[in-house]
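Sequences listed follow chains A and B, in order. According to the numbering used here, the first sequence holds residues 1 to 365 in order. According to the numbering used here, the second sequence holds residues 1 to 365 in order.
Hints listed in this document are in silico derivations from the structure and should not be mistaken for laboratory results. Possibly wrong hints are sitting among the right ones.
Unchecked claim - Below, a sample of chain A positions facing chain B; criterion: calculated Cβ distance under 7 Å:
hint, residue
1, L22
2, G49
3, Q118
4, P191
As the list claims (entries may be wrong) - Just a sample of chain B residues kept apart from chain A, beta carbon distances all over 12 Å, derived:
hint, residue
5, P37
6, V79
7, R87
8, G140
9, E285
10, L304
Just so you know, even glycine gets a beta-carbon here, dropped at the ideal spot from N, CA and C.
Protein chains: 2
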Amino acid sequence: MKTPRNGRRLTPHPGEPSHGPLTAEELQLAVRNHSMPLEALRNDITPPGLHYLLNHFDIPFIDIEHWHLRIGGAVERAVELNLKALRRAPKISIPVTLECAGNGRSLLRPRPLSQPWQLEAVGTAVWTGVPLAYLLAQAGVEDDAVEVAFTGADSGIQGGVRQQFARSLPIAEALRPDIVLAYLMNGNELPPQHGYPLRLVVPGWYGMASVKWLTSIRVLTKPFDGFQQAVAYRYQQDANDVGTPVTWIKVRSLMVPPGVPDFFTRRRIVRAGPVMLTGRAWSGEGAVQRVEVGIDGKWAPAQLEHPAAPFAWRAWSMPWVADAGDHELACRATDATGAVQPLEQVWNYQGMGNNVVQRIKVTVE
Amino acid sequence: MKTPRNGRRLTPHPGEPSHGPLTAEELQLAVRNHSMPLEALRNDITPPGLHYLLNHFDIPFIDIEHWHLRIGGAVERAVELNLKALRRAPKISIPVTLECAGNGRSLLRPRPLSQPWQLEAVGTAVWTGVPLAYLLAQAGVEDDAVEVAFTGADSGIQGGVRQQFARSLPIAEALRPDIVLAYLMNGNELPPQHGYPLRLVVPGWYGMASVKWLTSIRVLTKPFDGFQQAVAYRYQQDANDVGTPVTWIKVRSLMVPPGVPDFFTRRRIVRAGPVMLTGRAWSGEGAVQRVEVGIDGKWAPAQLEHPAAPFAWRAWSMPWVADAGDHELACRATDATGAVQPLEQVWNYQGMGNNVVQRIKVTVE
Numbered sequence: 001m002k003t004p005r006n007g008r009r010l011t012p013h014p015g016e017p018s019h020g021p022l023t024a025e026e027l028q029l030a031v032r033n034h035s036m037p038l039e040a041l042r043n044d045i046t047p048p049g050l051h052y053l054l055n056h057f058d059i060p061f062i063d064i065e066h067w068h069l070r071i072g073g074a075v076e077r078a079v080e081l082n083l084k085a086l087r088r089a090p091k092i093s094i095p096v097t098l099e100c101a102g103n104g105r106s107l108l109r110p111r112p113l114s115q116p117w118q119l120e121a122v123g124t125a126v127w128t129g130v131p132l133a134y135l136l137a138q139a140g141v142e143d144d145a146v147e148v149a150f151t152g153a154d155s156g157i158q159g160g161v162r163q164q165f166a167r168s169l170p171i172a173e174a175l176r177p178d179i180v181l182a183y184l185m186n187g188n189e190l191p192p193q194h195g196y197p198l199r200l201v202v203p204g205w206y207g208m209a210s211v212k213w214l215t216s217i218r219v220l221t222k223p224f225d226g227f228q229q230a231v232a233y234r235y236q237q238d239a240n241d242v243g244t245p246v247t248w249i250k251v252r253s254l255m256v257p258p259g260v261p262d263f264f265t266r267r268r269i270v271r272a273g274p275v276m277l278t279g280r281a282w283s284g285e286g287a288v289q290r291v292e293v294g295i296d297g298k299w300a301p302a303q304l305e306h307p308a309a310p311f312a313w314r315a316w317s318m319p320w321v322a323d324a325g326d327h328e329l330a331c332r333a334t335d336a337t338g339a340v341q342p343l344e345q346v347w348n349y350q351g352m353g354n355n356v357v358q359r360i361k362v363t364v365e
Numbered sequence: 001m002k003t004p005r006n007g008r009r010l011t012p013h014p015g016e017p018s019h020g021p022l023t024a025e026e027l028q029l030a031v032r033n034h035s036m037p038l039e040a041l042r043n044d045i046t047p048p049g050l051h052y053l054l055n056h057f058d059i060p061f062i063d064i065e066h067w068h069l070r071i072g073g074a075v076e077r078a079v080e081l082n083l084k085a086l087r088r089a090p091k092i093s094i095p096v097t098l099e100c101a102g103n104g105r106s107l108l109r110p111r112p113l114s115q116p117w118q119l120e121a122v123g124t125a126v127w128t129g130v131p132l133a134y135l136l137a138q139a140g141v142e143d144d145a146v147e148v149a150f151t152g153a154d155s156g157i158q159g160g161v162r163q164q165f166a167r168s169l170p171i172a173e174a175l176r177p178d179i180v181l182a183y184l185m186n187g188n189e190l191p192p193q194h195g196y197p198l199r200l201v202v203p204g205w206y207g208m209a210s211v212k213w214l215t216s217i218r219v220l221t222k223p224f225d226g227f228q229q230a231v232a233y234r235y236q237q238d239a240n241d242v243g244t245p246v247t248w249i250k251v252r253s254l255m256v257p258p259g260v261p262d263f264f265t266r267r268r269i270v271r272a273g274p275v276m277l278t279g280r281a282w283s284g285e286g287a288v289q290r291v292e293v294g295i296d297g298k299w300a301p302a303q304l305e306h307p308a309a310p311f312a313w314r315a316w317s318m319p320w321v322a323d324a325g326d327h328e329l330a331c332r333a334t335d336a337t338g339a340v341q342p343l344e345q346v347w348n349y350q351g352m353g354n355n356v357v358q359r360i361k362v363t364v365e
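Go ahead and model the full structure; you've got the sequences and the hints to work with.
Here it is in structure tokens:
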């Protein structure tokens, strides 16, 4: 057992992982946050109300007349910018698939107690805004900078710590040309729940890195030790394991469940005959190179479309001739690093990065 | 015990109401559908992605090139209209508060097994479209018409019955001037999950009446007996009770939880001193006339703002001087019919219309 850095022994979530039924607290979180219904995998770009959403605290009220972004810390020139000034700066637009680091958590046994995601905490949007690297160059990053910390306007308590949501990036990541301070989502003003007026978007990283309701950017000469960095969002084996930080999105594929659902059980009913199975696959660690579809445990390669951008999902499809009876469908992706989705869970204490393959039970009639 | 009309003994949901913990099926529904985070009570008009959403089946894919609305049945002239034709017709815009009939269900003991809403299945939007009464007049309603049935493109299985989602209105309701066939939500094209390209909006009725992805309107000379009318959405005492139909929204008020939340428990932490408590109240049965705020069981009247429209919620506020310690906040509204929110649950088998008062536990520091 290791000791968390700076000697704290906070746990990110109350209570040990559970073999028991869902708790009232988990339901409260499931009711607040929402995932992307899997049929929305049809869309290249996810409409804002269908894009997954995980907010730790309340959606803050932003008075745009008084809002500004501060850039400070280890820089030559501290900067304050309002939204008008940001809109005058150079801009880029980039399609990005974002996924919650906790996606798949409620499928783990035992189940870490937090937002009880199943499989659908994902979405793809076109984010438009100012390249972070441009603003950092304007401010002039000092030579001894090691990280950049980003703070949002959302605040509350977690793990007993009163905090504003804040995360950092290593300086090399922060200087990537494709990291955006976004003020548009799919061409429109950011919705309140997605970070209005400004959010960070870090392509390829799990969603916690893309800090919403951004108010402050600080260049640091020491690693950031805020709660969401040093305690939450870590791959740990137990509460006392310092663990390793959650960063890049692991390879995953999902399938649009074919046929129609039963309202309550969500079991799928499919008509016998030819069915085109479709879905999407993505990875932050390396480009998706292969998707296989499993029909009752027998795997075959799917056809892949080109992605819209390096960190946007790839569409895939595979024709299937459905014969009457019960079947189990599955899909698994492989990325350029050779990483492949596991068939069985890879458990960790916070329930992070569970990219176990999706399985869909269908009844063909 | 009574027999359901037309002799069917279907139950709307599998299984008897439960005293047990949340089931996997309920979690699946909670993950798909979503409610409005209570801090969005701040907004007069709810952004689309924050408006509550309850879809029984999958969001259907609509090929707009081939989509059209059919109006038929007991009319003089059957009509088919595409979206262009509908956009050329006279239009109205109306702010409407919609609430799911199952809102509050998961608070009931025992708990009916279906979408496990807590309190937030509500939202207010400005709907723009063609008055239904105008199109019915164009088609010419026959004298013996008693109801109008509305069918959506969404399909699946519920209670063992394969179906497209369909509901009816009594003819007198259908001819109200404020019922809209909406193609815009808050001035924009309907999002897919809210019924693109066209939905019915029935101000004052629970949300199930506002059929999404509308494909067909049929004027009927006998009452409609589809599943969502004759079996689901009824106030029943048990599975064999034919019950009474769910129609108008019951009076309800909600409060923006003050202070900041704990991430997991959602318990509120409030700083001691003056706090403005705010919220909204609405009723389909009669205008909201009074909102009272309860602090530790002591009730006092809140100040009410004027509503934007007869069926849009009313903002309310009440100053509170928060003193250190634990407190329970509550609010309850009364409407023009004299109906007041109950302090204790009024149970029914499907968990419909539970407008029990909201209670918020806060710790003042």
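Going through the earlier hints one by one, which of them does the structure break, listed in rising order? 5
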